[in-house]
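S.K.: Residue-level listing of the chains:
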Amino acid sequence: MSTTEILFFFLSALALFSASMVLISKNPVHSVLWLVVTFFAISGHYILLNAQFLAIVNIIVYAGAIMVLFLFVIMLMNLNQQNEPQKNLWMKLAGVISGGCFLMVLVSLVRQSLDLKSKVAMTTSGDIGLIKNLGRVLFNDYVVPFEITSVLFLSAMVGAIVMGKKD
Amino acid sequence: MIPLLLILIPLLSGLAVFLLKDSPASKALALASSLATLVLSLMAVFTKGALTYDAAWLPGLGSRFSLLQDGMSKMLSLLTAISFPVVFAATYKNVYPKSSSFYGLMLLTQAGLLGVFLASDALLFYFFWELALIPVYFLCSIWGGEKRIAVTFKFFVYTFIGSLLMLVGLLYVYSQTADHSFAMQSFYHANLPAHAQNGVFALFFIAFAIKMPIFPFHTWQPDAYEQSPTAVTMILSGVMVKMGIFAVIHWLLPMVPQGFQAHSMFVVVLSVIGMIYASLIAIRQDDIKRLIAYSSIAHIGLMCAAIFVQNQIGLEGVMIQMFNHGINVIGLWIVADVIEQQLGTRKFSELGGLAQKAPVLAILFVIMALANVALPLTNAFVGEFLMFNGLFQFNGWIATVAGISIILAAVYTLNMIQKIFFGNTVEKTEHAVEVSGNVQWVLGILVLLVLVMGVYPQPMIDLTKDTVSAIFANR
Amino acid sequence: MSKLVYLIPLFPLLGFLINGLGRKSLSKSLIGIIGSGTILASFIVSLLVFFDVKANGVSVITLFNFISIKGLIIPFAFQVDQLSVLFLLIITGVGFLIHLYSTAYMHEEEPQHFGRYFAYLNLFVFSMLLLVLGANYVIMFIGWEGVGLCSYLLIGFWFKNNNYNYAAKKAFVMNRIGDLGFLLAVFWLIFKLGTATYSDVFSQVAQLSSFDITAITALLFIGAMGKSAQIPLYTWLPDAMAGPTPVSALIHAATMVTAGIYMIARSNILYTMAPGTQSLVAMVGLATAIFAATIAIKQNDIKKVLAYSTVSQLGYMFLGLGVGAYTGAVFHVITHAFFKALLFLGAGSVIHAMHHEQDIRKMGGLKKYMPITHITFLLACLAIAGIPPFSGFFSKDEILMAALAKNPIYYYLGLGGALMTAFYMFRLYSLTFLGGFRGTNEQEHHLHESPSAMTIPLIVLAILSVIGGWVGIPELFAKDAHSLEHFLAPIFASSTAIADKHHLETSQEWMYLIGSTALIVVVIIYAINSYKKYQPITEESTGLGVILENKWYVDELYDAVIVNPLNAVAGFFKNFVEKYVIDGAVNGVGRLVGYGSRQLRLLQSGQVGNYLLIMVLAIVVFVLVWFNDITIVYYLNRLFN
Amino acid sequence: MPIQYYIYLCLALFSIGIIGALTRRNVIIVFMCIELMFNAVNLLLVAFSKMHLAAASISDKASTVGSDGQLFVFFIMVVAAAEVSVGLAIIVMLFRNTHSVDINFLNRLKN
Amino acid sequence: MNAIIVSALLGVVMMFSGILLKNKSTLKYIAIGGLLLLLIANLFQTYGVYTVVVNSHELLRFQKFGLFFNTIAITATLIYVILSGKDIENAGNYPAEYFALIFFVLCGVSILCGFNSLLMLFLGIEILSIPLYILTGSDKRNLKSNEASLKYFLMGAFTAGIMLMGIALIYGATGSFGISSPSIISTPTGGTSVPRASYLEIAGVLLLFVAMCFKVSAAPFHFWTPDVYDGAPSVFTSFMATIVKVAGFFAFIRLLEGQSAILGPTWKILLSFVIIATLLIGNITAVFQQSVKRMLAYSSIAQAGFMLFALYSASDIAKEGILLYAAAYSLATIGIFAVLIKMKDYTLDGFNGLAKTEPVLALTTTICLLSLSGIPLTAGFFAKYYMLASVVKTGTGLWLVIVAVLFAAVSVYYYFRVIQAMYFKEGVAETTEITAGFKAGLVFVAALIVLIGVLPSVLLNYFYF
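Residue numbers (this note's numbering), protein chains in the order written: chain A, 1 to 167; chain B, 1 to 475; chain C, 1 to 641; chain D, 1 to 111; chain E, 1 to 465.
The following block holds chain A by itself, in its conformation from the complex:
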């Protein structure tokens, strides 16, 4: 087992475990923290895939900004007690089963996909994920969507103000 593989399985296990903990934790703050752990594990995967730019962005934007925002909101609402009422057990079971089914059918599809048999993802090598390379593509081919995202942000900004402002 190579280092890559060990790392892969470790990160995968970590990601899955922490993701599960997001669900299982009663305390929302814990959930947030477990989610941050998940994001770190995913960033680890990015690094493993040599997608450094995304790894950094993921940590800064997701784990840093977004999750802090979540945490902040939770704190603001004073939701850090474990007082979330539980869903009906049957509903929970239904949710788990249907989610499980979803996983199962898709996994079975992948298992049946003969065309994926020999495919591998290039790990630790291949430098398209570097900032230099991505930036070039972004500002050449993807400049239009890049600009368009500004509209998205603008509307999100307007929205956040309209929604958040007390009147």
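Take the hints with a grain of salt, since some may be wrong.
In silico DSS-like links for lysine-lysine, alpha-carbon gap of 25 Å or less [unchecked claim]:
#, chain 1, residue 1, chain 2, residue 2
1, A, K132, D, K61
2, C, K160, B, K347
3, B, K93, B, K428
4, E, K356, B, K98
Just so you know, the hints here were simulated from the structure itself, not pulled from any lab data.
Model the placement of chains B, C, D and E on the given structure of chain A, informed by the hints.
M.R.: Relative to the frame of chain A, chains B, C, D and E by itself:
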């Protein structure tokens, strides 16, 4: 040009009447317009050969604004054109709230009806088919009786389902035409395969069967007739049900001859069951309007059966009968309306002895009623005679069973006459008076038509001969 | 001359229109003049036509084409031949007398009803003439239904009385049942031959299979049953006595009810070729003759007795037709028209005098108050009883002899009926005219002979009843004396050619003749003796008497077997099938939609979790559906391999 | 690494996200689970991008095949950020009115 | 491209005009002016005039069809603003922002009209959706509005996740985000080699399909629709239910057009299931709604069921039809909502007797309702006609058409309940103040509906010259 004008006059004057704000002028304008239509349709009748009009409409869809007025169309447009002035004149004294809307909608109905009878483009036909329905919906729902809203709605939805199925059929045939056109001739020559013919037949037939209506699609009809304002009922039963019959002859029969053939026995049996069934129910009715409604179902059943026997005699009978039934049933409705307006009841059990108070009405009504039972020398006799003849040639036993309705018709019609007019006067009829002059005149004219057509039906036969022979030409 | 034949129905039609439209403005006398005058005019034209036919034979006059389509032409045409012209004479002649009689009898009516009455009467004559004159079955049917209508109108003439209206309706409906048979026969003819014109039909009769002919004739006979009141469609006729008495005389005795006989005589060739139907006709006729006679014995209403007598006599006519004695049947129609009209008019005269009392138990001894009526009535009774040399004797004898030739049983039964006829007629006669008056004093005070407008027709008809039979004196008495037979020979020529001849020996004939007459005389004497001293008795009849008084309960039977079940079925349709099955199905769809709506709304629970759950499940299902061939199969394989 | 591993991992993460969205009542946690779904997709996209790169770089060492996949991830992050800002604003607004973030109480609108 | 740029700019302009202008009633006129500008810009591009040439590297590709569609969307918005502009101003405290958001939505619509890459699809949908979350919740004091907003947001985000998974799977199979390059691979199945798409791609398309179904509120992914439409301020419901929805449809069609090769026979089964479920739920559930607004929400689901026929038949006539449908449906719905907003009571009873108090409103509403129920002589008839005709022409699925028309008959039931309330029931319908201009606008809309209903070639010819 005449066909176009026949549609345009009521359409435009109908819209114009809407704009007249509740003035008596609307009534006058409506009458004038309907008289103008009558004159035009008479002109059409006296013109030799088929009249046509054609203009571009929907080039992308293969549909044109094309009208064709052959013998049957002439006859039916004449019926339509006669009915409206008659109805207007007979109800001239009735006061409708928002009368301009009433008359406007009536004229729009007329435009729709004429359109149905004239259209020779399937899509256009469908348009007019619906156009005739919508104003009626409003007419009945606004000016109708107590339960009008629910009843009219049932009527509307019922017929609407039918027309939607017809639309599917139209689309299917359209997709199968050689030149992707809605033109009547293209439809006639669509040459559908046998299984498709059956399907298309079913789609169309349900629509027409609901409209006619034949058993067991008839339940909207008695309620609708009962609850509608009588002026509308006259149009409904006098003219509108003919749409279904017309459509079967004009569209269904030439379009899917094999499907028609395959189902003829079924439909004939159904119609005959309906005749007996409706006649029996009519016997037990205690309400003039419902009785006439069921009687109408029975008559329509006969016409439907006579179409499906597919022989020339029967079809000729249907042609004549379409016109005559219209005249007769309008006459009956007029009397029903007079009675209801004057005495405030339609129940036989609350009537009686009216012949002493209103002898003229009694005489005119009796003649109308006798026409309803197809007594010889009234107009209905010739039609029924020919239709039964056709039915007999199709199957003697069925004709015999259908013949029972002749007897039953006598039973319920005479019941009606007796209970309304004969016997001693009762509380409600104690102070009844003779009907007003306009009704007398209108009924008189109708009675005259009944007798003239009954004694000398040949002109009507000649008028529709071309349609009939065209249908049987390639058989 | 025959060209003018259209005038014959035209006059009554004009009379109808004038009287009908002017019934409020014209005076009673004018109405009477117009009403009777038009018939007289028709009678005169009929006479002219009669002589024309006698001289020149048959002619067909086409007025216009009634219906003309491909494969079927029905002209509005009149056929004037020996048969129709005879009927023309009866209709217009007897009709005129009855019109005349009516001017007096109906004089108490208000002018407008008086006018209405004459209008109806004229319309009836018009229809009857159409029936007789028509050159094809369709025109005959027009008249056929027309007389039915007039009968309806006249029976219900006094429309305030609902019982009369019911009687009128009953008559019309029963007639319609027969008419349906008639119509079907016409359809059958048109189907097979493509024509309904007599000449064409009779000349192409060979093209019809024997089944066709039997069916057609049987159906036509059903029509005749209705119109001529034969079993089982006879019950309307006694009820029809609700109408004014002259109407009964005209319609329900002299003319309309004989339409069935006319029709069968007209179609004689068809019947001759259908021996099965012929026996049916004979048997039905005979049964009716006896059956009605039994009922007549126990009736107490003067008009009812006459009505059942009419039914019975009509039965004889059908017997005649059934045994192939067409001439005899027609002959009996003629004589019957005379004496039965006379009887009815006489009865009318009595009723008139008795102020609309019709129960013979309350009459008696009218002989001295109303001599003319009495004499004429007696003559008529003798005629109907079949006493020589009165007219009825000859005609009835001809039928019975023909029956004897065909089948002796027919004869003996027929004779039994004749004896009953003699009995009830003289029962009626003695109860009415003999003995002492049994009515109220007031009635007695007002008893009087009728005015001359009523007695003149009585006298004329009495003369005819006496001498009317001489046109058909049997060969037995004198060679070639039967002028009627010779006159009608062309009509029945083709039938006589086919029919097998039975001839009785002269001596045998004499024997039967004398024997039967003797029996009848005995019965008459017995009847007069039994009822001359009649006093009203209160005790109830017993046994057969009750059944006869109640007319064998036939009306009740019909009610129980046909009318009530039909009403029940109709009610079931109206109240159950229509409401719950057919409408219920339609509304059920609506309710289903409503129910579905209320249930589907619950799916929209408002819970985001549920929404998402359904979405995910839907995705799973979609994937499974799409990859049905690999996913499920894959796992199943894994499971079992 | 065989691509299946990545796919399985991402599908598992994605399904955990789905399960979370289905089972939790706290709106914020539900929202977080949705973010988890996004991240699962992100990882999958990156893995695929490297898979396509691996296939392409056999013939062309300097291939940039697959960079679009990584850029897509970038855009997803951008959108996610925007969504979070709006979403949290909505949640805060709701909390102000109801003092609850329980998803089950969101049932004024139904049927 | 013109439309994207102009609408984005106009959004900014609206934002600033809110700061600069004190009188908010002028906003409406600015917006109308802006929309006209937008319309012109789009028409320019339709006929080959470009203001700026931007190389989008095939991420966007504008074809006539899409541009026509954009024209319809912009025109519909214009009519919407003309009719309901005043109500937008009064919907909340931030009128300028609302107008800005509307323009941003239009930007998203424009992107959807020309996307040629799944990335642009995703961005377009997000740009479309995010302003809508806000507009839905714009009535901040109203708990229903809040709730609707949150529901919409949560479900929208969830669906975005599904959609992204779909995109990722497609990317995995094809290596590109293009919408018209399915990978056909040969998979030996049972000895014979038949070309078929990779399972991953099919699964991806399926997930995309699901996400799009959600956007156009096709069952069983429609659940957000009634709640959100009901909870949102009516004036924005109108916008959502019309322009946004048909834009979703357009994207849907454009998306699946290119995928037709991989959509095997099972696809039609699945789609017919969705169609029937949509028709069933939309029509049946609408029957018993007491609130007209909620009824219209279900009706919009039902109409979606009809529009899905365009996908089913996937032919040129269907594309033509979807344009007509978009126009007809938007016009009618905008008209009804414009009236609804003026009503004080949104329940059916609130409409009682409207024909007496406001005959013009009643008449125009009736025409709109008739159009929605597909009665001839209104635009709605031809819209439905094209949908049905396109399916009939394919020769399969005639049964589906029959089912559809039966549901159309059901739809008559609930549409006519409104007509019945207005015309045949006694009552006094209370409305806010109705201006003559508003009436004129409504009459114009109604006239347009009838015009298209009588001569659809007026509209359709426009697409061809």
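S.K.: Does each hint fit the structure? Answer for all of them.
M.R.: Hint by hint, here is what the structure shows:
| no. | hint | verdict |
| --- | --- | --- |
| 1 | A:K132 / D:K61 | 17 Å, holds |
| 2 | C:K160 / B:K347 | 19 Å, holds |
| 3 | B:K93 / B:K428 | 21 Å, holds |
| 4 | E:K356 / B:K98 | 11 Å, holds |
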